[in-house]
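Protein sequence lines correspond, in order, to chains A and B. Numbered continuously in my numbering, the first sequence closes out at residue 367. Numbered continuously in my numbering, the second sequence closes out at residue 367.
Any given hint could turn out to be false.
[Stated by the list, open to error] Just so you have them, the derived chain B footprint on chain A, three or more residues with Cβ under 8 Å:
1) 122-133
2) 305-312
3) 323-335
By construction, these hints were calculated from the structure, which means they are not laboratory data. Ideal Cβ placement from N, Cα and C applies to all residues, glycine included.
Number of protein chains: 2
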Amino acid sequence: MTENYYAFIMAGGGGTRLWPVSRQSRPKQMVRLGGNRTLFQLAVDRIAALFPPERTFVVTVADQAEELKKQCPGIPAENFLIEPMPRGTASVVGLAAAALYRRDPQAVMTVLAADHLIANVSYFHELLTHAYLLARDGYLVTLGIRPTFPATGYGYIQRGEPLADYGFTAFHVSRFKEKPDEATARKFIERGDHDWNSGMFVWRVDRIWEEFQKLMPELAEKLERIGSAWGDSQPYEVIQAEWPSIKTETIDYGIMERAERVAVLPAADLGWNDVGSWESIFEVFEADEQGNVALDANHLGLDTTHSLIVADDTDRLIVTLGVSDLIVVDTPDALLVCSRHSAQRVREVVNLLKQKKETQYL
Amino acid sequence: MTENYYAFIMAGGGGTRLWPVSRQSRPKQMVRLGGNRTLFQLAVDRIAALFPPERTFVVTVADQAEELKKQCPGIPAENFLIEPMPRGTASVVGLAAAALYRRDPQAVMTVLAADHLIANVSYFHELLTHAYLLARDGYLVTLGIRPTFPATGYGYIQRGEPLADYGFTAFHVSRFKEKPDEATARKFIERGDHDWNSGMFVWRVDRIWEEFQKLMPELAEKLERIGSAWGDSQPYEVIQAEWPSIKTETIDYGIMERAERVAVLPAADLGWNDVGSWESIFEVFEADEQGNVALDANHLGLDTTHSLIVADDTDRLIVTLGVSDLIVVDTPDALLVCSRHSAQRVREVVNLLKQKKETQYL
Chain A
6 MTENYYAFIM
16 AGGGGTRLWP
26 VSRQSRPKQM
36 VRLGGNRTLF
46 QLAVDRIAAL
56 FPPERTFVVT
66 VADQAEELKK
76 QCPGIPAENF
86 LIEPMPRGTA
96 SVVGLAAAAL
106 YRRDPQAVMT
116 VLAADHLIAN
126 VSYFHELLTH
136 AYLLARDGYL
146 VTLGIRPTFP
156 ATGYGYIQRG
166 EPLADYGFTA
176 FHVSRFKEKP
186 DEATARKFIE
196 RGDHDWNSGM
206 FVWRVDRIWE
216 EFQKLMPELA
226 EKLERIGSAW
236 GDSQPYEVIQ
246 AEWPSIKTET
256 IDYGIMERAE
266 RVAVLPAADL
276 GWNDVGSWES
286 IFEVFEADEQ
296 GNVALDANHL
306 GLDTTHSLIV
316 ADDTDRLIVT
326 LGVSDLIVVD
336 TPDALLVCSR
346 HSAQRVREVV
356 NLLKQKKETQ
366 YL
Chain B
6 MTENYYAFIM
16 AGGGGTRLWP
26 VSRQSRPKQM
36 VRLGGNRTLF
46 QLAVDRIAAL
56 FPPERTFVVT
66 VADQAEELKK
76 QCPGIPAENF
86 LIEPMPRGTA
96 SVVGLAAAAL
106 YRRDPQAVMT
116 VLAADHLIAN
126 VSYFHELLTH
136 AYLLARDGYL
146 VTLGIRPTFP
156 ATGYGYIQRG
166 EPLADYGFTA
176 FHVSRFKEKP
186 DEATARKFIE
196 RGDHDWNSGM
206 FVWRVDRIWE
216 EFQKLMPELA
226 EKLERIGSAW
236 GDSQPYEVIQ
246 AEWPSIKTET
256 IDYGIMERAE
266 RVAVLPAADL
276 GWNDVGSWES
286 IFEVFEADEQ
296 GNVALDANHL
306 GLDTTHSLIV
316 ADDTDRLIVT
326 LGVSDLIVVD
336 TPDALLVCSR
346 HSAQRVREVV
356 NLLKQKKETQ
366 YL
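Whole structure, please, built from the sequences with the hints as guidance.
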């Protein structure tokens with residue numbers, strides 16, 4: 006891989022759907038699932054063969070920066086970009102592009118998530134390499150995940166004309182479609198020409214910067230001011246001054262949906278999982294003969310099927326008897342017992358705890 | 006109530022069906038359920054109006070005696086009879102009768118369980134008073150519980166001819182029937198002339214002693230030897246010498262089924278509950294609008310119905326989401342999650358833990 010390829014890992018998210026393991030003080034990317042490494046560490050490990058630490062950047066919030074630095078001490082401290090407050094992905098991606106443009110105007114950057122899992126790592130490396138080749142030619146590349154069910158929780162990308170001459174499969178993007186209703190999602194899958202928008206992107210920094218100037222000129226101007234103050238250290242004061250007035254916007258809506266030369270690289274068997282709920286764990290970990298998955302749990306199951314048992318920092322014996330399709334998540338101060346069909350509703354629990362001001366559990 | 010009426014509370018049992026709250030070191034009678042008092046303390050409290058501490062006796066095993074004495078310090082230490090090892094209810098009831106006969110040959114005694122709950126206490130007092138009157142006349146009285154479902158876990162008593170002249174309802178016993186199969190139990194309920202055998206008895210000590218001598222002469226002889234050694238303190242050495250060779254037998258089979266002048270006092274609305282499983286808790290405690298019962302639990306239920314949440318010495322937040330007919334029992338070192346229809350199978354868990362030699366959880 007060439008030396009002007011940089012990775013930006015977005016690690017500022019919250020994530021309430023893995024409660025009670027994920028908390029405000031320990032968002033999803035800091036969660037360990039059935040191993041010793043956090044999702045963030047796994048995200049860094051996964052790309053280490055392509056991106057040495059000095060070309061790996063982390064975009065995060067002040068609250069999380071110190072802990073993330075500790076988790077990946079190999080990444081230089083100055084590669085952690087601090088977002089003063091959440092203003093959507095457009096602003097953080099723009100900040101990353103502005104910072105990198107100062108450092109290397111010819112750079113190609115990939116934007117990745119800190120809280121996703123990817124099973125097929127060598128295929129992922131291949132995709133990032135192909136994406137680099139497209140980006141070098143001026144394309145804004147998005148990785149499209151082949152849908153496995155009519156998800157309503159993801160945006161979709163419609164493939165247009167194929168991109169010839171590359172020796173691998175890629176397409177012009179016909180259009181981006183934000184989270185659809187289920188009927189529409191079903192139609193997309195039947196048509197077979199829509200992929201999930203993974204939120205993973207690759208582009209040349211000058212190209213994305215050009216699009217920021219054209220499509221989000223106000224934001225570009227602010228980022229310009231931050232960028233021109235950039236030296237050996239991050240211009241915290243300028244960022245602090247500019248950030249509060251930034252309008253919250255996603256990179257998808259702000260840039261990708263309206264930009265020129267947007268390409269999609271379809272990823273069919275990436276084993277991509279955004280760990281969006283406890284239910285999604287069943288796709289990531291192999292179940293035993295009864296269809297159960299136990300993560301770090303001292304579990305004894307009698308007449309227990311298709312259930313998930315998670316212990317986080319507890320070593321209690323967990324006995325399940327005569328249950329199926331159940332999720333049990335045991336933590337030192339909170340226990341969740343939830344049916345699988347209700348896994349998406351865990352965020353309602355968090356919202357209710359917020360309402361009740363039970364802050365110790367948030 | 007007269008002054009020759011004595012209560013013997015049987016408090017030597019184990020009880021695996023309330024695991025993980027009940028353990029070897031904390032059998033069912035030492036369990037607290039939704040309050041500060043143990044089942045044993047509640048059993049003592051319940052009869053305090055009829056039986057002052059000096060006429061309340063406790064039959065237990067060596068392991069439990071100290072703890073039980075601590076729980077009810079009002080009962081004189083010499084009123085705790087220690088059974089060296091379990092030999093069935095016939096021997097402990099016989100020991101109690103032998104001990105009491107030495108003290109007061111005209112005494113009437115009631116045999117009660119330490120691990121049952123009774124909701125209607127004033128009615129219970131009334132029944133014990135009626136039973137006393139029958140016992141004084143030489144009847145061996147058993148309290149019969151009106152069946153509410155075709156239970157296969159209890160013995161049954163068939164009512165015979167009514168006992169006239171008492172101003173309250175009582176019957177000669179036609180026969181005792183040990184735990185029936187479900188079809189038979191159903192038939193008993195249809196016939197309407199069978200009650201559950203509660204294991205609660207009332208008799209004059211000379212009368213029961215007479216039956217022991219007639220029906221279990223070998224046991225009576227051994228108990229005689231223990232009784233004749235009885236002085237101010239319990240004759241531990243004699244008990245230790247005689248006890249190992251005693252044949253294990255129940256009072257029901259050994260005496261009641263074959264004795265003369267046996268009467269049953271039917272108890273229709275006693276609110277009697279032997280707390281035989283977590284399921285039985287639903288009969289004891291009032292459920293909320295969703296049909297849930299939470300005992301000592303910091304519980305937050307969303308879309309949760311007909312479920313039982315028990316916390317024993319833990320204060321963790323327990324969240325249930327999208328579940329029904331579920332039992333969750335949280336203790337410091339073990340968690341049980343169990344469907345209500347599997348509640349009777351909790352003892353299988355205990356057996357499995359025994360097999361696996363996981364003694365710390367027993």
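Outcome of the hint check:
no.	hint	result
1	122-133	violated (count 0)
2	305-312	holds (count 3)
3	323-335	holds (count 9)
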